[in-house]
Amino acid sequence: MIVVNESTNKKNINNLLKYLLGIFMKPNIVNGITAHTKKNFRSCVAKISGINQRA
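For the sequence shown, position 30 (counting from the first letter as 1) is numbered 30 according to this note's numbering, and the numbering increases by one without interruption.
Among these hints, one or two may not hold up.
[Said to hold, decoys possible] Simulated restraints on C-beta separations:
1) 23 <-> 45: 22 to 32 Å
2) 11 <-> 49: 26 to 36 Å
3) 40 <-> 20: 17 to 27 Å
4) 7 <-> 45: 39 to 49 Å
5) 37 <-> 15: 24 to 34 Å
6) 37 <-> 16: 29 to 39 Å
7) 11 <-> 46: 36 to 46 Å
8) 7 <-> 42: 42 to 52 Å
9) 19 <-> 42: 22 to 32 Å
10) 49 <-> 6: 43 to 53 Å
11) 41 <-> 19: 18 to 28 Å
12) 11 <-> 38: 15 to 25 Å
13) 44 <-> 19: 21 to 31 Å
14) 44 <-> 17: 35 to 45 Å
[To be verified] Listed next, the in silico DSS-like pairs over lysine-lysine satisfying Cα-Cα at most 27 Å (straight line):
15) 26 <-> 38
16) 11 <-> 26
17) 47 <-> 26
18) 10 <-> 26
19) 18 <-> 38
Just so you know, these hints were derived from the structure itself, not from any lab.
As the structure is a prediction and not an experimental result, all values here were calculated from the model.
Built from N, CA and C at the ideal position, the CB exists for glycine as well.
Could you build the full structure based on these sequences and the hints that come with them?
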């Protein structure tokens, strides 16, 4: 039972990784993610610099 569970878990993880890789390989989605993270990154930096100024 344990061995079966381990092998199925490995298979599921591999499938999940392939699925995520497939998503990241699509250029439109990648561009959307990078634009989104740039926006978030700027606001994050602003928050962090604000925290640093307060400290």
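Could you say whether the range 22 to 32 Å given as a hint is met by the Cβ separation of residue 23 and residue 45? holds, 26 Å
Starting from residue 10, check that the Cα of residue 26 is at most 27 Å away, please. holds, 25 Å
Consistency of beta-carbon spacing, residue 19 to residue 41, with hint 18 to 28 Å: holds, 26 Å
Cβ-Cβ distance between residue 11 and residue 38: within 15 to 25 Å? violated, 36 Å
Using the Cβ atoms, figure out if residue 44 sits within 21 to 31 Å of residue 19. holds, 27 Å
State, for the Cβ atoms of residue 37 and residue 16, whether the hinted interval 29 to 39 Å holds or is violated. violated, 21 Å
So does residue 19 sit 22 to 32 Å from residue 42, Cβ to Cβ? For residue 19 and residue 42 the Cβ distance comes to about 30 Å; the hint holds.
Checking one constraint from the list: CA of residue 47 to CA of residue 26, max 27 Å. Satisfied? Between residue 47 and residue 26 the Cα gap is close to 31 Å, so the pair fails against 27 Å, i.e. violated.
Given the range 39 to 49 Å, decide if the beta-carbon distance of residue 7 to residue 45 lies inside it. At roughly 44 Å between Cβ atoms, residue 45 and residue 7 fall inside 39 to 49 Å, so the hint holds.
Residue 26 and residue 38: Cα distance at most 27 Å? Roughly 18 Å between the alpha carbons, so the hint for residue 26 and residue 38 holds.
Holds or violated: residue 11 to residue 26, with C-alpha atoms at most 27 Å apart: Answer holds: residue 11 to residue 26 is near 23 Å, not above 27 Å.
Is 36 to 46 Å a correct range for the gap between the Cβ atoms of residue 11 and residue 46? holds, 43 Å
The earlier numbered hints that this structure contradicts are 2, 6, 12, 14, 17.
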